[in-house]
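Participant: Protein chains in written order, with UniProt numbering: chain A, 1 to 228; chain B, 1 to 228; chain C, 1 to 228; chain D, 1 to 228; chain E, 1 to 228; chain F, 1 to 228.
These are calculated hints, taken from the structure and not from any lab test.
No experiment lies behind these values; they were computed from the predicted model shown.
It is possible that some hints are incorrect.
Since copy identity is lost for identical chains, a pair holds within one copy or between any two.
[Stated by the list, open to error] DSSO-like, lysine-lysine: derived pairs with alpha carbons at most 30 Å apart: (1) Lys56 <-> Lys46; (2) Lys46 <-> Lys81; (3) Lys56 <-> Lys139.
Number of protein chains: 6
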Amino acid sequence: MRPYGRKPLEMRPLSLATGVNPYAEGSCLASFGQTQVLCTASLEDKVPGWLDGGGKGWVTAEYAMLPRSTHTRTGREHRNKGRAQEISRLIGRSLRMAADLPALAGHTIRLDCDVLVADGGTRCASICGGWVALALAMKKLGLAPSRQVAAISLGRIAGELRLDLCYAEDSTAELDLNLVLAPEGLVEVQGTGEDGLFSPEELALLVKAGMGAGREIFAAQLAALEAA
Amino acid sequence: MRPYGRKPLEMRPLSLATGVNPYAEGSCLASFGQTQVLCTASLEDKVPGWLDGGGKGWVTAEYAMLPRSTHTRTGREHRNKGRAQEISRLIGRSLRMAADLPALAGHTIRLDCDVLVADGGTRCASICGGWVALALAMKKLGLAPSRQVAAISLGRIAGELRLDLCYAEDSTAELDLNLVLAPEGLVEVQGTGEDGLFSPEELALLVKAGMGAGREIFAAQLAALEAA
Amino acid sequence: MRPYGRKPLEMRPLSLATGVNPYAEGSCLASFGQTQVLCTASLEDKVPGWLDGGGKGWVTAEYAMLPRSTHTRTGREHRNKGRAQEISRLIGRSLRMAADLPALAGHTIRLDCDVLVADGGTRCASICGGWVALALAMKKLGLAPSRQVAAISLGRIAGELRLDLCYAEDSTAELDLNLVLAPEGLVEVQGTGEDGLFSPEELALLVKAGMGAGREIFAAQLAALEAA
Amino acid sequence: MRPYGRKPLEMRPLSLATGVNPYAEGSCLASFGQTQVLCTASLEDKVPGWLDGGGKGWVTAEYAMLPRSTHTRTGREHRNKGRAQEISRLIGRSLRMAADLPALAGHTIRLDCDVLVADGGTRCASICGGWVALALAMKKLGLAPSRQVAAISLGRIAGELRLDLCYAEDSTAELDLNLVLAPEGLVEVQGTGEDGLFSPEELALLVKAGMGAGREIFAAQLAALEAA
Amino acid sequence: MRPYGRKPLEMRPLSLATGVNPYAEGSCLASFGQTQVLCTASLEDKVPGWLDGGGKGWVTAEYAMLPRSTHTRTGREHRNKGRAQEISRLIGRSLRMAADLPALAGHTIRLDCDVLVADGGTRCASICGGWVALALAMKKLGLAPSRQVAAISLGRIAGELRLDLCYAEDSTAELDLNLVLAPEGLVEVQGTGEDGLFSPEELALLVKAGMGAGREIFAAQLAALEAA
Amino acid sequence: MRPYGRKPLEMRPLSLATGVNPYAEGSCLASFGQTQVLCTASLEDKVPGWLDGGGKGWVTAEYAMLPRSTHTRTGREHRNKGRAQEISRLIGRSLRMAADLPALAGHTIRLDCDVLVADGGTRCASICGGWVALALAMKKLGLAPSRQVAAISLGRIAGELRLDLCYAEDSTAELDLNLVLAPEGLVEVQGTGEDGLFSPEELALLVKAGMGAGREIFAAQLAALEAA
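The shape of chain A in the complex, shown without the other chains:
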């Protein structure tokens, strides 16, 4: 039996709470079950130097875990910087797909995704909540996102395909797949055989299941924006 009494391809309870930071131009506390990520969007009236004069704005992200967001404490100095940078790059890349960069010209929106509790799926929660924070910050400029973006994790455990893995599942998965999705198609696919290979057919089944979960998340994102 999965935690939360879920079926293999069912998500954990999802919550996207806005207005959680009084200063940020957009903020969202994204929870997938026990996992909690605090996402803030900061609007700056400048762009990185290499974009100067290019007629475009920029969206970037930084992902970090609080030291005790995990079962055992990870020292601030010993946190896996490679992993954190890799996820930061993924979040930034994914959310840039949601912004019309020429319309943002002259502005940078900087997403901070700080993990308060890590029970699996933190990069996906960061993208889902980050999109809400981004949309709220764009609203301050009179802009709307050009595209919705969400993400979901999937895996194979003891031969069974599952969706939205919690940490206990993730740590024993034979295959780990993260999907970044828009309503119109795929944004990013990252699949890793952790302890075994996978077939093109399994990949196709998981992509299909992920696209189904995406529809639920897209609806929750829109509801969060309306409630804000």
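Since the structure of chain A is already known, use the hints to place chains B, C, D, E and F on it.
Facilitator: Same frame as chain A, now just chains B, C, D, E and F:
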């Protein structure tokens, strides 16, 4: 008129919520008005190398601000490391006064105080909430704190002595005083003339006011422990 | 017309030269067209601390680019460390799938993949050449790889699906896909919509084309080992 | 009996020697007994970026200990950076109270306080000698300090209140108090119960004793300036 | 008998191959026996800030060893940075003697000397090959080097004076001498008694032998340029 | 006319004062004219890890300049680390020639050479004063140096050969030569043509002049030891 309709020597609404982190041996979200600090206490079964064989345990603390905890975002790389280390050292020093280190022999308790929202008084909120988290972690070892410890900020603004400054007040204060207190006396006094001098008489008045506020905080800490 | 007069799903000339370093336990200079990566495998008689007593060996990798491996020089201090670490982690993860870690117990094999010339596909060349270097180093221990591992890049450019992109193609691709493959199935899939979305059908077509190229590379790897 | 045959509230022999560096705009070797701090003031014709156009100058300080200034050598890499930054910030803050910043507009004065021998009271010696170096550097601009600033350490040892602690005393003190003073009032109070609490009454007594010692130091500073 | 069947004052087989990097303005793979250094010259249309408006160009160098260029692997983080910087500074200083800096006004030429295989004499190979790469890059600007520069290592082993030491010799040398030479005289002399002293007479003999080898290298450099 | 009214091959007034640090096992303030270097020798009862069990002790050195030891202030962060490390390595290498390392077995002597005032010749003053500090520290172990070591700088300015250059001379020298000497021969020769070449004959003349100055320094070192 002060924010929250307060009198000069009145505190902001105070909240010390426990159980906010599922993994930490102790946790407390301390709020002083809008200010929010997430405190976790992590229990380790070892001591720093220089304490080996000394028959004592250790308590230490790390203080950090999330990038958008402040009005404008502070880059993770540009956060004032000197200030953060100075506050970390203050928190650790203060909370070691609350622990019977020989009774903790063989253990380290590591407090992480991460500021979610900074509206003044973050180091005091860290000490107040950190004490609750520490007490909860000590309970896992069957130990109780040897002493209660709390902290409160005070200042002089346009000649008026005030207690528990919010950011807007703090940034215009002529004198900034942080008191760390136990029910039985003073633990630490840090007073700085930010833009002018102060007299021994003013120092004495502020210390007296701070000790009064301390009694309120000590009660709230005990209530939080009972509710946990 | 593609560089080297290639068809959309055709590889560049591939070369895997062994014996290029007199000290390393295994070495291979992997060339995909103009791209050149020098791979060395260093055998150490110890394992990382966290594996001590675990009855397993370890395989890890470091990827780096020489400053002038690119069209314009990149300062050693300004090289994209996030990207390099991300690729290092990918190479290490992929090549661990080629080693029977319990059989390696007590040993670490450390792959260094230094890019001499970067004309696209450097991470794939690192994995292909790294596997050859790894196999040679394992031979010194009387071991053989448990599985063959190779990698290939693919993409979509102006709507056309292509294989083994050179830099000029890669920089204009709308979709960028890296596949890590074993003869028996997929090891890793990393697909990114750089400037547009992609469909599950496109993903399936690219995976199929990549598996075809994999067969060519597997043959070249075996030939390189025999010639060594 | 205290070292140097002193009474509890008596200072060590104090010396403030000027002209000890041929290049600096102001220099002073401050000695409190065996403690020696070399203070230089460097005058720059620019201000930190964040002050540009603000019509103000700036005064800042850096404090560091030579590796063998202490009983046992401290490696350059392992010197307690948190403590050094904390003291640097204290010195800078204190000496800014001595300068009319608008009159300094366009200039920065940078104090370097390098500890040659550390036998207690190094931060106080830095402030006392730093003030002399600062005054000499201001003289090059035809300016005089707006206020005199000095500092003195105090403590409680085995229940006895003492002034100007040497290292052997400081390391066993139950209470450690540093006072920064002007002739007209208090600039900064930093009191820490190292191993026990203290009362408001003890604080008041120590502040009074410190203000008495301040008068001696103020006289020595003026004498040093006249002799320069 | 010396490796390669050499007499005490005879060089190893020398090769200076050009055109080894498709992007760099000049490139040369310098081999002294088994030692291999890849030298690239990158031409930039700017000068370091401190040269702005000075009417001069600049030449600088960076030297680094690949991790497995040595008998045992050296971690990228643990490579002897002091030694590498010292050699970088030597190469830059030496090659600036080959360039008419006023004629280079507005340009920087940046040499990267990356050691692929280190069997002794890597700094000398870097200077010899770096000069060829520099000359090729200057040619792109229509300039020629103002002076030829080469380098050679010498030493005393078991009392015998030898030239162009390989690693096995170098590691047992009692005296280690590196000479940087122009056809018209000495550019730099660095002699170190590794395990014993040396006399002015020995120094004079080694300088004379080094100048002889210099003539061979100067001829090889010119041949490489002609063949390019 | 040279500063101090010196002839071309005459030294500046030399002073080697001992007992300048109350904690160090050996200390010496070395002055060459205005140049001042504070040298301390710290004795440790352990050796670097790579020497464990090798039956040898170790001598090492660290050289650093105080920020305002120079005409204009150099920021602590921007001090030329390459140069400082290069000089640290030179001092350590040179002073190891003065110690019988097997007799030192189990001990490390760590020299700190901190430049208080830099008016040329700081590396030579460090070696000369460092030798005195080293000898005093060895005496605590009942050992004597196995060899005397000193150093002197020389140069060619406007065609004239000169000895013991001050900063004003050094910055215009065409040739810069540092000699490390023992009474019985040469330890190290570092000659650099700063802006022009030099001949073997000039090198020989300078070496001879330097050996003459060495005799004066050796006598001063012995006198300092006797007076200690």
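Participant: Are the hints correct? Go through all of them and say.
Facilitator: Hint check:
Both within a single protomer and between protomers do Lys56 and Lys46 lie at most 30 Å apart by alpha-carbon distance, with minima of 10 Å and 26 Å respectively. In this homomeric assembly, Lys46 and Lys81 come within 30 Å of each other (Cα to Cα) both inside a single copy, at 27 Å, and across copies, at 24 Å. Proximity of Lys56 and Lys139 under a CA criterion of 30 Å is satisfied intra-copy only: 17 Å inside one chain copy versus 39 Å between copies.
The structure is consistent with each of the numbered hints, conforming to all of them.
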